[in-house]
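> Work from the hints to combine the two standalone chains into their complex.
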Amino acid sequence: MTVVEQVARRTHRARRITPSAPPARRRWARRLPLLPALIYMIVITQIPFIVTLWYSLQNWNLTSNAKAKFTGLSNYASVFTNANYRSSLLVSVEMTAVAVIVSMLLAVALALLLNQKVLGRGFARTLLITPFLIMPVASALLWKTTMLDPTYGLVNWLLSPFGVHHVAWLSSHPLGSIIAVLIWRWTPFMTLIVLAGLQGQPLDVLEAARVDGAGAFVIFRRMIFPHLRPYIELGTLLGSIYIVNTFDEVYSMTQGGPGTSTTNMPYYLYEQAFQAYNIGGAAALGVITVIIVMIIASFALRLIASVFRFEEAVG
Amino acid sequence: MTTIARPRPRAAGHARGRQVKRWSARLAWTVLVWVAAIAFFLPVLWMVLTAFKPETAAYSYPPKFTFSPTLSEFRTVFSRGIGPYLENSVFATLVSTVLVLLLALPASYALSISPVGKWRDSLFFFISTKMLPIVAAIVPIYIVARDVHLLDNVYALVLLYAGMNLPIAVWMLRSFMLEVPGEVLEAARIDGAGLFREITRVIMPIIMPGIAASALICIIFAWNEFFFAVNLTSTVAATMPVFLVGFITSEGLFWAQLSAAATVASVPIIIIGWIAQKQLVRGLSMGALK
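In order, the protein sequences belong to chains A and B.
Just so you know, we're using the working numbering here: the first sequence kicks off at 1 and counts up by one.
Just so you know, we're using the working numbering here: the second sequence kicks off at 1001 and counts up by one.
Chain B extracted, bound-state conformation (with noise of 0.2 Å):
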């Protein structure tokens, strides 16, 4: 029952040394686990330990796990003007979202509830578009935006960020209005609820938190974005990789300032990930896996 990988000893043994033995492999797949999970976040949790010492421990062999804690580097990086980049960035993640909700929610209810003919052959386009590299669509999406004045501008990564994103939030929102039961619907409409109430009052509760998770997901992919991001924007619509990458050149010596700066890019997301953590796998695997 504990373990998979252990067969149970079948000879007529001791009960009493079954359960040690039981205990004990239980303990080495804890302990297994844990060492993994801990190698897995170790350089997460040394960006966060190196955010908030000073610059000189930043620089020590052997590397220093112990030391008085400032918030000196953070100080340093808002002073340096991370300001509009992080404006950027939640400007950029938020109104691609919305877009993309406002674009989703409508296109799923005629994917599931009342769905049109090809229904099938609509979701799988949708689906092949996130498949096709991004990378080669870029030079024509960097002429276009060059010849009607979008380059540098935020509102050129809110139009891509959205078709991104789009694939990914009618999958999502799909199979949570699958989930509507059909008779709640017929009851619905049998007692006179027009088409505004029956989505309002009936469909919306229920697939609330699927709009939670879609809108959680779209935000983790946006606010990570950096190919556009690079390519697109140069000082004024830059988000927050563009300003990390900044450290490559010009400062990449501070290694508390850079481990400051990428906390202050990563740790709202990382958190986010962790609330939608459930939905995630939906997310990734394009609805297919639950």
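Bound conformation, chain A alone (with noise of 0.2 Å):
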């Protein structure tokens, strides 16, 4: 965890730390009570990584009696040249980016709206983060039917006026519909810290600039923006780790069909082993992954840094 100690030493010390060297009984009963839940951590989230690792470098499928058979690095080999692996690749690229950045950009929106003094906004806001916690194989399977069937569905309804009559949408735009109910439940998320980031902000600098007479847009460019900085991009980084990892709409909404359109890469994984049961396969596939995610989150982990330490000096 190299990323790990890096960011680690540049976090700032806080104030009311300050361990003066106690001797070595004493280091160990204060460790004592953080052992049991950091060797839990390790055994269940480290050990499978490094045997995924393991299983990344074997023949092994578990329709077939064979044994397992070291193989190198083959199973790598395959998911670059396998046009399926890349494809899944390449789906996974377009849900997560197209995903992040609109819901990004409506967060930042959504969040100056909320954060204006309107009637009823604490109701609106509450209404407003139920997609997040709404469970999302619920909320997938009700999309599928209730709000998209090209016949009965409330958003053909909702269209009708504007010109929209009865689109398929799941067998037409399937990859974009996906995408389109990951916004969705997204969005939430990221308002909630675009928000937290706004409402840190002290409003008399805002007013000072307005009595100075600089305009709607200059403010929000030269002030508001460069404070909501570090949290969009926070935002944006965990939403990546997070979307990344979608499978529960993929699972409900489509089963990675029509064809492979929408089977991304944690879909593809589930079916190299589940459904083909080749175990070398799906770990080289989930390795592939780990690599992936760890580079985004490395920077993620270097932005909590700041804004924890930003937190820390202020409270």
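These are calculated hints, taken from the structure and not from any lab test.
By construction, the Cβ of each residue, glycine as well, lies at the ideal position given by its N, Cα and C atoms.
You may find that some hints are simply not true.
[Claimed, not checked] Derived pair list, reagent style EDC-like, types lysine to aspartate or glutamate, alpha-carbon separation capped at 20 Å: (1) A:Lys117 / A:Asp204; (2) A:Lys117 / A:Glu233; (3) B:Lys1064 / A:Asp149; (4) B:Lys1021 / A:Glu207; (5) B:Lys1278 / B:Asp1147; (6) A:Lys67 / B:Asp1147.
[Stated by the list, open to error] Reference excerpt, derived from the structure (chain A facing chain B, CB under 10 Å, subset only): (7) Leu110; (8) Gln116; (9) Val118; (10) Leu154; (11) Trp157; (12) Ser160; (13) Phe162; (14) Ile241; (15) Ile292.
[To be verified] Partial pick of chain B residues on the chain A-facing surface, computed with a CB cut under 7 Å: (16) Pro1106; (17) Ser1114; (18) Val1116; (19) Val1139; (20) Phe1226; (21) Trp1255; (22) Trp1274.
This is the structure we're talking about:
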């Protein structure tokens, strides 16, 4: 965990925490309460990943009786040469990028709106965060049926004044439909993060700028946006990490289809492991997923370290 | 004062005109906020409405907003054997949350009030595990569960959900424990309070809201979890999300019934989330934001 150590070093020392090198026995007494949680996490997260790494070097299929055979990097070679593997990678990238960017744009707009003194703001906010709380499998199934159905769906009815009639969203725009549902689910999450940022900005500074004659756009670009930037970055990174792992929507709405048009990496890995029982191939895909996510996560951790320092200095 | 995006008219206009403008701006913002909120809430509202419709009214064009509500679909859902799934969900969620708190409370104490030497490294280790993709670990987890006979066993879910939520709880509880004033702790120690009294009389009352908030966040995530549930359980230990995906193949055409089942599965958690919404940001950003 080099990233973690790097980040941790850069983190600001908390004011109250000044351990003054106590004797070894006291040090262990201090560590004791931490150990159960630490050991639990190591066992439950690190060991499976090491085992995944080991499996990824083997040719092992659960459907045949043949024992696992060490094959070196050949599973990785097939990840990069097999068209289905590559297509799942592309679907994941497109799904994550579009969903994260659109959600974040909407989130900034919504957060600016919710930061106004409007009637029933708390209640509106409560309604707005509901998509994030509902069970993802439940909402995905309802989007598939009652919302996006070509004949009886609510979406087509709402769009009918705009000349949209009986579009079969899930068969004509499968990836777009899933991305739309992802945007619906993740915008509230990002809105909450951006809103937390907005509420940390002192209003009198903005008021002063306004009195000095600064226009709305200038105030946003020069003052609000720079202040929001770390929060927007944090929301984007955390959102990317979560959305890369999207499984529930794909499973419930399209099962990866039609064809492989909505098969993203997690769903492809699931198919390899639990339908084809190709343990080695699934493990190799898992390792690649970890590498991609860890690249995003290293940025996220760094950012959390800086935001975290800021919060602690204030609090 | 009312808006950020609207420049204040600086020219020497009439005071009343300015006020009218301010009110109309406020009205516009209010309408926009409400349109957005209702747009996001609409699918949830539609789920609850459809759940109370008779099956024939669920299939209608244009969609029906008025109908005579019925509980018959809820009755059908319960007679179809939702019971064991609900029980498994409740059991996996509550037991894993208790396990999380038992592990996280002492750990966060050792990372805040009585810190270990390398507390920063430990803290970032916890958070980094939350970022590892679960899908990548499923293969060995499945094989280990198979070999130790934990497949289709609700305790497998308990253990995994605890691992999934423990980092969040550690970060959240730690941020609450940092708010315990050092002077209060010192005063208690000077008065001769032992560790036990210090924890039960001083720390616990202050961090109680934090414990509640952490528990609620853990409950939300464990309840909604699907990936482990679908891959590690089949008939005995299956949870609510697994019950719901049963509708994909067998009864996909019964919308009112599906909506009723989805309502049963979602509404308790939605209400818990509404109660915990102030703490949601803290949990979702792993305690980085308040």
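> So, for every hint listed, does it hold in this structure?
Here is what the structure says about each hint:
1. A:Lys117 / A:Asp204: 15 Å, holds
2. A:Lys117 / A:Glu233: 26 Å, violated
3. B:Lys1064 / A:Asp149: 15 Å, holds
4. B:Lys1021 / A:Glu207: 18 Å, holds
5. B:Lys1278 / B:Asp1147: Status violated; Cα separation ~43 Å.
6. A:Lys67 / B:Asp1147: 16 Å, holds
7. Leu110: Because about 6 Å separates Leu110 (chain A) from the closest Cβ in chain B, which is inside the 10 Å limit, the hint holds.
8. Gln116: 5 Å, holds
9. Val118: 4 Å, holds
10. Leu154: Holds. Min distance 5 Å.
11. Trp157: Nearest chain B Cβ about 5 Å off; hint holds.
12. Ser160: 8 Å, holds
13. Phe162: 15 Å, violated
14. Ile241: Holds. Min distance 5 Å.
15. Ile292: At about 8 Å, which falls below the 10 Å cut-off, the nearest Cβ of chain B leaves the hint on Ile292 (chain A) intact, so it holds.
16. Pro1106: 3 Å, holds
17. Ser1114: 6 Å, holds
18. Val1116: Holds. Min distance 5 Å.
19. Val1139: 5 Å, holds
20. Phe1226: Cβ of Phe1226 (chain B) sits 5 Å from chain A, so the hint holds.
21. Trp1255: Holds, because the Cβ-Cβ distance from Trp1255 (chain B) to chain A comes to roughly 5 Å (cut-off 7 Å).
22. Trp1274: At about 5 Å, which falls below the 7 Å cut-off, the nearest Cβ of chain A leaves the hint on Trp1274 (chain B) intact, so it holds.
Checked against the numbered hints above, the structure breaks hints 2, 5, 13 and satisfies the rest.
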